[in-house]
Each structure stands twice: as C-alpha cells, then as structure tokens.
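First to last, the protein sequences are chains A and B.
Heads up, the first sequence stops at 367 in the numbering used here, and the numbers go up one at a time, no gaps.
Heads up, the second sequence stops at 193 in the numbering used here, and the numbers go up one at a time, no gaps.
The set of hints was computed from the structure by calculation and includes no laboratory data.
Note that CB positions come from ideal geometry on N, CA and C, so glycine has one too.
Mixed in with the good hints, there may be bad ones.
[As the list claims (entries may be wrong)] Heads up, incomplete: computed chain A residues facing chain B, CB under 7 Å, no partners named:
hint	residue
1	L31
2	Y40
3	Q61
4	L62
5	S326
6	A340
[To be verified] Label-pair restraints from in silico Cβ distances:
hint	chain 1	residue 1	chain 2	residue 2	range
7	A	P266	B	M62	17 to 23 Å
8	A	D168	B	M62	46 to 52 Å
9	B	H26	A	P18	30 to 36 Å
10	A	G33	B	K79	33 to 39 Å
11	B	A30	A	A19	38 to 44 Å
12	B	L162	A	G64	38 to 44 Å
13	B	K79	A	P313	38 to 44 Å
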Amino acid sequence: MFPTIDRSLSPPALIFRLVLILVLLGGAAGLFLYQAGWFTPQKLTPAGMINTFEQLNGVHSGFRRNHAKGVCFRGYFESNGQGARYSKAALFPAGRVPVIGRFSLGGGQPYAADSPGAVRALAVLFQLPNGEEWRMAMIDLPVFPVQNVGQFRELLLASAPDPETGKVDPEKMKSFVAAHPASAKALPLIQARAVSSGFADATYFGLSAFYFVDGQGRRTPVRWAMIPEQPFRPNETSDPEKTDKNYLFDALIAAVRQGPQRWRLQVTLGEPGDPTGDATIPWPDSRQKVDVGVLVVEAIESEEVSPARDINFDPTLIPSGVALSDDPLLSARAAAYSQSFTRREGEPKEPSAVSTAETGR
Amino acid sequence: MDSAPRPRFAILSRILHWLMAVMILAMLFIGVSMVASLADYSRLVAIHRPLGMAVLVLAIIRLINRRLTKLPPFPPTMSGTERRIASWSERLLYALMIALPLVGWGMLSAGHYPIVMFGSFHLPPILPPHPMLYAFLRHAHTVLAWLLFAVILAHVGAVLFHTLIVRDRLLDRMALWPARKTKR
Numbered sequence: 007m008f009p010t011i012d013r014s015l016s017p018p019a020l021i022f023r024l025v026l027i028l029v030l031l032g033g034a035a036g037l038f039l040y041q042a043g044w045f046t047p048q049k050l051t052p053a054g055m056i057n058t059f060e061q062l063n064g065v066h067s068g069f070r071r072n073h074a075k076g077v078c079f080r081g082y083f084e085s086n087g088q089g090a091r092y093s094k095a096a097l098f099p100a101g102r103v104p105v106i107g108r109f110s111l112g113g114g115q116p117y118a119a120d121s122p123g124a125v126r127a128l129a130v131l132f133q134l135p136n137g138e139e140w141r142m143a144m145i146d147l148p149v150f151p152v153q154n155v156g157q158f159r160e161l162l163l164a165s166a167p168d169p170e171t172g173k174v175d176p177e178k179m180k181s182f183v184a185a186h187p188a189s190a191k192a193l194p195l196i197q198a199r200a201v202s203s204g205f206a207d208a209t210y211f212g213l214s215a216f217y218f219v220d221g222q223g224r225r226t227p228v229r230w231a232m233i234p235e236q237p238f239r240p241n242e243t244s245d246p247e248k249t250d251k252n253y254l255f256d257a258l259i260a261a262v263r264q265g266p267q268r269w270r271l272q273v274t275l276g277e278p279g280d281p282t283g284d285a286t287i288p289w290p291d292s293r294q295k296v297d298v299g300v301l302v303v304e305a306i307e308s309e310e311v312s313p314a315r316d317i318n319f320d321p322t323l324i325p326s327g328v329a330l331s332d333d334p335l336l337s338a339r340a341a342a343y344s345q346s347f348t349r350r351e352g353e354p355k356e357p358s359a360v361s362t363a364e365t366g367r
Numbered sequence: 010m011d012s013a014p015r016p017r018f019a020i021l022s023r024i025l026h027w028l029m030a031v032m033i034l035a036m037l038f039i040g041v042s043m044v045a046s047l048a049d050y051s052r053l054v055a056i057h058r059p060l061g062m063a064v065l066v067l068a069i070i071r072l073i074n075r076r077l078t079k080l081p082p083f084p085p086t087m088s089g090t091e092r093r094i095a096s097w098s099e100r101l102l103y104a105l106m107i108a109l110p111l112v113g114w115g116m117l118s119a120g121h122y123p124i125v126m127f128g129s130f131h132l133p134p135i136l137p138p139h140p141m142l143y144a145f146l147r148h149a150h151t152v153l154a155w156l157l158f159a160v161i162l163a164h165v166g167a168v169l170f171h172t173l174i175v176r177d178r179l180l181d182r183m184a185l186w187p188a189r190k191t192k193r
C-alpha cells in the first residue's frame with residue numbers, strides 16, 4: 007500500500023527527509039500537548055483548582071464544588087433608567103426584566119450546618135429583553151481576601167481544618183498572611199464587617215471591577231453591590247446547639263413567604279487611578295454611587311425544581327455594554343466554574359439540604 | 010515526468026482549504042489552551058465561539074463546493090488502498106469540521122449558556138437545557154477535537170511523505186502558489 011520512494015534520492019537525503027517529516031509532526035504534536043498542560047503538571051489549572059475543592063470537601067455528587075449548599079429563587083429586576091447613562095446594556099432602560107438566581111453559603115459541603123460566620127452569596131441571572139443574559143455572583147464580603155486564584159488555593163489549604171484533629175492550624179494562617187501583604191490588609195476589612203442576621207438583610211458585593219460602556223464607547227470603571235431594603239439586624243451569635251442546621255435558609259424562605267424581598271443594585275463609579283485589577287483593595291468611600299434599580303425576590307424554589315440549579319453563575323457572562331476588567335479573578339472564576347459545572351452536570355443528583363417543603367408549604 | 014500543467018483543485022477549493030487549515034489549527038490550539046488556563050480562559054473562549062461558528066459556515070460552503078466541482082484525479086503514485094484511505098480520511102475530516110462546531114453549539118445550549126458571538130449578537134440554542142446531555146456533549150467536544158488533531162497530523166504526514174519522499178508533486182494540486190515547471 008505504500009507508494010514507491012523516489013529512487014533518485016540518495017540514502018542520506020532520504021533519511022534527512024524522513025527525519026524532517028518526523029520532526030515537523032512531532033513538533034506539532036508536542037506543542038499541542040504542551041498547550042494542553044502535559045509537560046507543566048505543577049502549573050495550576052482549572053481542573054487542579056476544582057481538585058483542591060474535592061480534596062478538602064470530598065466529592066458530593068451533582069453539587070457545586072464551592073457554594074454547594076443553596077436554594078434558588080425567582081423574581082424580577084426593576085430598572086430605574088439611571089444605569090443607561092453609563093452603559094448601553096439592555097438591562098438599564100427603565101423597565102422590568104425577569105431574573106432567576108440562587109442564595110448559597112461559601113464552602114463545598116452541601117449538607118453543612120448554617121453558621122453565623124459562613125460567607126453568604128447571591129447569584130443572579132438577568133434575562134434581558136434582547137435575548138442577552140447577565141450573570142452575577144456576589145458575596146457578603148466588602149473585599150475579596152486574595153488577589154488571584156493561586157492565592158485563593160493557598161488560603162483554602164491554610165484555613166482548612168486538619169483532617170486528624172478537626173481544627174484549623176493558626177500557624178498556617180499566620181504564615182499565609184505573612185506571605186501575602188494584600189491579604190494582610192484585606193482580612194481585617196472582612197473581619198470588621200457588620201455581619202447580618204440572615205440572607206435577607208445582607209449586602210452582596212460583586213468584588214471585581216468591570217467597565218460600563220455607553221453608546222459612544224465611553225468606558226467607566228465600576229463595582230456594584232446589592233443593598234438590602236430589608237432593615238439590617240446584626241447577627242446574634244447564638245448557641246449552635248439551639249440553632250437549626252438550616253436556620254439561615256429557613257429564615258429566608260419564611261421572609262419571602264411573608265412578602266417579596268428587595269435589594270437596590272448600587273453601582274460605584276471608579277475614577278482614574280482606582281485599581282481595577284485587585285479585588286482586595288476597596289475604592290475610596292467618596293466615590294459616586296448610583297442606584298440603577300431594584301432586585302425583587304418573589305419566590306424561593308428548592309434546587310430540585312428550579313432551573314437555577316443547572317446554571318453556571320459565571321460572572322464573566324455579561325451583556326454588551328459591560329466589559330471585563332483586568333482583575334485576574336474574573337477569567338480564573340470563569341475557568342474554574344466551568345470545570346465544576348461540567349463535573350456536577352454529569353453526575354447523578356442527590357437531594358439538596360434545603361427544601362421549601364421542609365418548612366411546611 | 011513532463012512539464013505540462015497538472016490538474017489541480019479549483020481555486021475556490023484551494024482558498025477554502027488553506028483558510029480553513031489556519032482557522033482549524035488555531036481553533037484546536039485555542040481550545041486545548043483555554044481549558045488548561047485560568048489566566049487566559051475568558052480571552053480565549055471569546056475568540057473560540059465566533060471562530061468555531063465561522064468554521065461551521067465555511068465547512069458547509071466547502072461541502073457544497075466539494076460536490077459541485079470536479080476533482081483532479083489521484084496521482085498514479087497512489088495505490089488503490091492508499092486512495093481508499095485518502096477518500097475515507099477526507100470524509101472523516103469533513104465530518105469532524107462540521108460536527109465539532111455543532112457539538113460546541115449544542116453543548117452550550119444544553120448547558121443553558123448564552124451563545125455570544127460578538128457585541129449583543131448571539132445565537133439561539135439548538136437543544137433544550139439538560140444536565141447529562143451537556144456533560145456528554147462537553148466530553149464529546151474534547152474527544153472529537155483530539156481526533157481531529159490526530160487526523161490532521163496523519164493528513165499532513167501523508168502529504169509530506171508524497172512531496173518529500175515519493176516526490177510526485179502531490180502538494181501542487183492544492184497549492185495557492187503557481188506550480189513550478191522545473192524538471193524533476
């Protein structure tokens with residue numbers, strides 16, 4: 007089946023040409039494998055990051071690898087038109103768009119007991135009238151404790167309880183903070199925050215900076231937060247023995263059953279020189295803040311029945327009129343969330359800890 | 010052999026071949042890089058989606074063009090077996106060029122992702138949201154991409170073997186440059 011070799015080629019010329027072909031093909035294959043990460047196993051990849059979550063929390067079939075425990079919601083966003091001055095995004099002309107979303111606690115344990123110190127999170131998917139989507143994933147910390155995903159992995163490992171003693175080693179945290187001055191500045195800001203009594207009265211921050219882009223192409227650096235209209239009540243550190251393991255979620259379900267819960271979407275306008283690439287640094291308090299509309303949570307739904315369970319709340323899924331900043335957390339979150347999403351979507355689903363039926367609907 | 014002009018592929022076929030060769034190799038390298046990269050994922054995936062759709066459109070144009078134009082005959086240096094392998098590998102390449110973007114589109118649809126091309130322009134989903142279907146298509150996308158890369162390597166290897174070792178001017182049939190009329 008092989009074609010005949012050209013007889014006029016001398017043996018050295020023939021060997022040279024054969025080697026040349028092998029080098030070309032081998033080089034292309036080698037470059038491909040290199041790009042796939044085969045020769046750089048020490049480099050942190052999206053899969054490696056999700057493996058870290060699985061090592062620390064175990065694999066819980068069908069659940070998110072982080073923010074595993076949660077409950078979904080439906081509602082709408084009522085835009086007041088103010089955002090349209092800074093962004094051409096289809097969310098901002100005055101009017102109402104449907105949203106779905108999810109409240110969750112930080113951490114990879116889907117059945118962990120609610121605790122006052124747990125990071126609360128709000129994820130929202132805005133269904134824009136022109137068919138676009140905008141997804142946000144926010145937490146109740148004013149700044150993020152680390153600058154990039156490599157540091158996040160170090161922080162997870164440093165703050166994880168020892169598998170044998172079940173206790174966090176304070177020395178590990180000390181050396182982490184000593185090695186990362188940005189975290190040393192951010193962690194006190196996080197610890198000083200006013201922790202709310204529950205999900206409904208918490209403020210949720212987008213953390214990373216983005217750009218708003220208007221119809222003329224003018225770019226404004228922005229950060230945003232969801233500010234509760236529900237009155238803030240401080241967290242009462244109660245006896246863990248007396249609190250139900252789902253007390254935060256149950257209170258949220260009860261509150262929404264009483265009536266819709268509302269948050270103002272507040273956009274902070276950055277000024278030249280404000281850092282856009284570092285989520286550990288807050289912008290000065292003097293920056294102009296613009297309320298662009300209200301998020302209204304009308305109904306809580308269990309994960310089993312909500313489409314939001316099978317949504318990847320990737321904060322880089324933004325509409326035209328919003329652009330990503332140079333914050334390295336954004337791309338890293340998109341990559342890692344995608345990896346987590348692919349793993350959990352292919353797994354059989356286990357029942358979620360939080361159910362709306364549990365509190366007696 | 011004589012220096013008479015040899016039969017070649019039609020000019021549109023040759024343009025499509027080289028244009029898509031560059032695009033598909035770029036797609037394969039972008040794809041394999043982005044899934045392994047935390048830092049460049051967002052930038053690369055924003056190129057990967059519209060470029061993949063461009064490959065799909067061009068692949069369909071190319072398939073139609075392939076059926077409408079007359080092909081140059083195989084060179085006499087190719088045996089019957091080799092001709093059959095070449096024909097089947099060509100079919101496989103066409104199938105993968107069309108299947109990979111379709112699987113990508115379907116996987117984003119089943120994963121309930123917005124299928125953003127550029128600006129506010131986006132494509133409709135071609136499948137309903139479905140977790141297991143998404144996971145299957147996501148894995149199929151990777152397997153098919155590695156298969157496509159392997160078939161392309163085999164294709165390039167075969168053409169290089171003919172061009173450099175058999176020296177039957179096989180590459181001239183697809184060349185965009187003018188065929189040289191030098192003696193062999």
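Each hint tested on the structure:
A least Cβ separation of about 5 Å between L31 of chain A and chain B falls short of the 7 Å threshold, and the interface hint therefore holds. For Y40 of chain A, the suggested interface contact is broken, since its CB lies about 9 Å from the closest CB of chain B, more than 7 Å. Against a cut-off of 7 Å between C-beta atoms, the interface hint on Q61 of chain A is violated, since the closest Cβ of chain B lies about 17 Å away. Taken as an interface hint, L62 of chain A does not check out: its beta carbon lies about 18 Å from the nearest beta carbon of chain B, beyond 7 Å.
Interface restraint check for S326 of chain A: the shortest CB-CB distance to chain B comes to about 4 Å, inside 7 Å, so the restraint holds. For A340 of chain A, the shortest C-beta to C-beta distance to chain B is roughly 5 Å, which falls under 7 Å, so the interface hint holds. Evaluation of the 17 to 23 Å hint for P266 of chain A and M62 of chain B yields a failure: the beta carbon distance comes to about 40 Å. Between D168 of chain A and M62 of chain B the beta carbon distance is about 50 Å. The supplied range of 46 to 52 Å therefore holds.
At roughly 33 Å, the beta carbons of H26 of chain B and P18 of chain A sit within the given window of 30 to 36 Å. Distance hint check for G33 of chain A and K79 of chain B: the Cβ-Cβ separation is about 36 Å, which falls inside the suggested range of 33 to 39 Å. Between A30 of chain B and A19 of chain A the C-beta distance comes to about 28 Å, which lies outside the given range of 38 to 44 Å. The beta-carbon spacing between L162 of chain B and G64 of chain A, approximately 40 Å, falls within the hinted interval of 38 to 44 Å.
The supplied range of 38 to 44 Å is broken by K79 of chain B and P313 of chain A, whose beta-carbon atoms lie about 52 Å from each other.
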